[in-house]
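*Asks:* Those protein sequences? They're chains R and X, same order as listed.
Be aware that the first sequence starts at 1, since it is given in the UniProt record's numbering, and climbs by one per residue.
Be aware that the second sequence starts at 1, since it is given in the UniProt record's numbering, and climbs by one per residue.
Rather than coming from a laboratory, the hints here were simulated on the basis of the structure.
Just so it is clear, the structure is predicted and the values come from calculations on it, not from any experiment.
Check the hints yourself; a few may be wrong.
[What the hints assert, rightly or not] Derived coverage of chain R by chain X (criterion: at least 3 residues anywhere in the stretch with Cβ under 8 Å from a Cβ of chain X; other residues may be distant):
#1 140-152
#2 322-336
[Unchecked claim] If the Cβ cut is set under 7 Å, some of the chain X residues that face chain R in the computed set are:
#3 Thr-183
#4 Glu-185
#5 Thr-246
#6 Ser-247
[To be verified] Footprint (simulated), chain X over chain R, 3 or more residues, beta carbon under 8 Å:
#7 3-11
#8 20-31
#9 72-82
#10 85-93
#11 195-203
#12 277-289
Cβ coordinates follow ideal geometry from the N, Cα and C atoms, glycine included.
Number of protein chains: 2
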Amino acid sequence: MGTIGYVETQRVVLATECDPLVLTSGAVLEHVEVAYETYGVLNEARDNAVMVCHALTGDAHAAGLHLGAKKRGWWDNLIGPGKAVDTDRFFVVSANLLGGCSGTTGPASIDPATGRVHGPDFPLLDMADFVAVHRRLLDHLGIGRLHAAVGGSLGGMQVLEWALEEPDRIDRAVVVAASSRLTTENIAFSAVARAAILEDPDFHGGRYAEHGVAPRHGLKVARMMAHVTYVSGQSLAEKFGHARDTSGTGKRLAADFEVEHYLQHQGESFLQRFDALSYLHLTRPMDYFDPFAAHPDVVPSTRFRLVSFDSDWRFPTAHSLRIRDQLLARGVAVDHTEVVSPWGHDSFLLEPPGYHDLVRSFLG
Amino acid sequence: MGTIGYVETQRVVLATECDPLVLTSGAVLEHVEVAYETYGVLNEARDNAVMVCHALTGDAHAAGLHLGAKKRGWWDNLIGPGKAVDTDRFFVVSANLLGGCSGTTGPASIDPATGRVHGPDFPLLDMADFVAVHRRLLDHLGIGRLHAAVGGSLGGMQVLEWALEEPDRIDRAVVVAASSRLTTENIAFSAVARAAILEDPDFHGGRYAEHGVAPRHGLKVARMMAHVTYVSGQSLAEKFGHARDTSGTGKRLAADFEVEHYLQHQGESFLQRFDALSYLHLTRPMDYFDPFAAHPDVVPSTRFRLVSFDSDWRFPTAHSLRIRDQLLARGVAVDHTEVVSPWGHDSFLLEPPGYHDLVRSFLG
Chain R
1 MGTIGYVETQ RVVLATECDP LVLTSGAVLE HVEVAYETYG VLNEARDNAV MVCHALTGDA
61 HAAGLHLGAK KRGWWDNLIG PGKAVDTDRF FVVSANLLGG CSGTTGPASI DPATGRVHGP
121 DFPLLDMADF VAVHRRLLDH LGIGRLHAAV GGSLGGMQVL EWALEEPDRI DRAVVVAASS
181 RLTTENIAFS AVARAAILED PDFHGGRYAE HGVAPRHGLK VARMMAHVTY VSGQSLAEKF
241 GHARDTSGTG KRLAADFEVE HYLQHQGESF LQRFDALSYL HLTRPMDYFD PFAAHPDVVP
301 STRFRLVSFD SDWRFPTAHS LRIRDQLLAR GVAVDHTEVV SPWGHDSFLL EPPGYHDLVR
361 SFLG
Chain X
1 MGTIGYVETQ RVVLATECDP LVLTSGAVLE HVEVAYETYG VLNEARDNAV MVCHALTGDA
61 HAAGLHLGAK KRGWWDNLIG PGKAVDTDRF FVVSANLLGG CSGTTGPASI DPATGRVHGP
121 DFPLLDMADF VAVHRRLLDH LGIGRLHAAV GGSLGGMQVL EWALEEPDRI DRAVVVAASS
181 RLTTENIAFS AVARAAILED PDFHGGRYAE HGVAPRHGLK VARMMAHVTY VSGQSLAEKF
241 GHARDTSGTG KRLAADFEVE HYLQHQGESF LQRFDALSYL HLTRPMDYFD PFAAHPDVVP
301 STRFRLVSFD SDWRFPTAHS LRIRDQLLAR GVAVDHTEVV SPWGHDSFLL EPPGYHDLVR
361 SFLG
């Protein structure tokens, strides 16, 4: 197995005044630019394309290395020559989501109509809107049918939505650690994170950019809390235990335990790379997501492989079983595997034994 | 079964310049006032006293009704004539914790030495310091040996600490939904809540009172997040499901789902009754709590009854089993029951079948 070398993020304009993107809500975006990367080569038959859909805080840079960077793409362990998503065989496409903040049009982008950032005027998105932009990108790249679409967490939700929207475009769908409908508890966690941002005094009704500030406090707390839900109690215990800076009776209110420093670091570094309004706009569509209700009679020709992780308590296996049962009820080919992994929801980004083989064998 | 009628919170000064409270850290409090309530009558032998220890956000008002109030004390379902903690038989004492904000000296109290609020100068507390004040209160009331000490969550931790500190003062200990050592994940949740408060721009290094403000945003978010961990996914789903204000494509970023309004209400109402520094000072001792290590050779004469709830994922049954095993290893009489309850950690405040009977039968 090799690795992908240097890659560059590309950009393309996929909606214009003449060909605007009409969102599910009816709102219209007259300028949509998309950041994407590709790995491998599209074959002559144009039938070897695999679309990778990223999770909440991902971006287009799924694999390989940016010039001058040290950190490889977020799914580099899965995508590459000889890897589970084999770039010697497949043409892999990865795009930053609509509403994001890593190159694709989102709340922090300039609205050409006004010359100012969209800010709080950015329209509310639906899972179908994420997919609509993916579809335009494939059209732009001249790809009709996908060999496969692969996604974890929010990425898996896009794959599911897409297969129900275009029941004949995707041959194989790999849906990892995802959900077809959030639980009330899922929505509750999401609500707290959003409250942390929306009610931060520096949010200014979403016009923080105009004030030259950002709701850093709220976004940091949102990320810290979310992070706790992405990992498992077991992995936190093994990684940090009760180790701390002080000892004996030397105690303090401020961060002392290693796990506290770790969460602080997670929160701080998130501020460097993420926009608060994007966080709101990318989380909210998950709360409303209910694709089987939205597409009651669709029977996709897609074959599905579902993967969940036994330590994932954010989207536990029950979520995958509900997707499986809904697909089976429609006569869709689907299998599901619960992979044993100590790392909680974040397992989809890691390599617990058996996981990557499930992807590799399914892509055929 | 009857109920307790009108009660009044009383106050007593338990530490003075001449008889200061020396904390575990070595810090000294020269003035400690304690708010407490009592229910029932202390018998002549003074051997029918039951001390009730409150949880993180509780107060002295455990049972009965304050004149003019509508809401009864937080453990009124457990304490009263003919109830599990029977005030026809027992003299029940309930005191607000040191560091609290409901009548007992805490960070928001005036320091008589300076004439200003303690604020960030309030010393860091230890579980033993909470107990030290309880001990002084009993001495003041002329109570030697306790018939029982009863507490849930942080309250149970005080009971455990106390029994190890004074191994011959408590006949029976009821420790509900508690822990003898937080997990790394427990500390992680606590760390996020504290970061929300400590890093709120209105915290002002703890001198918010002097600035005439309060870290309302951080305290509200801390409470909202904590609340999600106090209940169960099942109870949230049954109570709120996916009910929302909008319908169809009418969606929004702001609170829409009923569970969001509920959490908003929980957060807002908490601001009316709780102080941010108290929240920090009452949560932090839990992170450091490790009483079996702190008292390695103590064998209490106390008999223990431990109760946990099957849906409690904040302090799951494993915590109670660890307490049981540690006590058994020391030859202490202990039993443990996992009560079936749908309401998560908050079950200790409610009446899942069998729970109150376990308390009643143990108090004998």
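*Asks:* State for each hint whether it applies.
*Replies:* Hint-by-hint comparison with the structure:
| no. | hint | result |
| --- | --- | --- |
| 1 | 140-152 | violated (count 0) |
| 2 | 322-336 | violated (count 0) |
| 3 | Thr-183 | 6 Å, holds |
| 4 | Glu-185 | 4 Å, holds |
| 5 | Thr-246 | 9 Å, violated |
| 6 | Ser-247 | 11 Å, violated |
| 7 | 3-11 | violated (count 0) |
| 8 | 20-31 | holds (count 3) |
| 9 | 72-82 | violated (count 0) |
| 10 | 85-93 | violated (count 0) |
| 11 | 195-203 | holds (count 7) |
| 12 | 277-289 | holds (count 5) |
Violated hints, in rising order: 1, 2, 5, 6, 7, 9, 10; the structure is consistent with all others.
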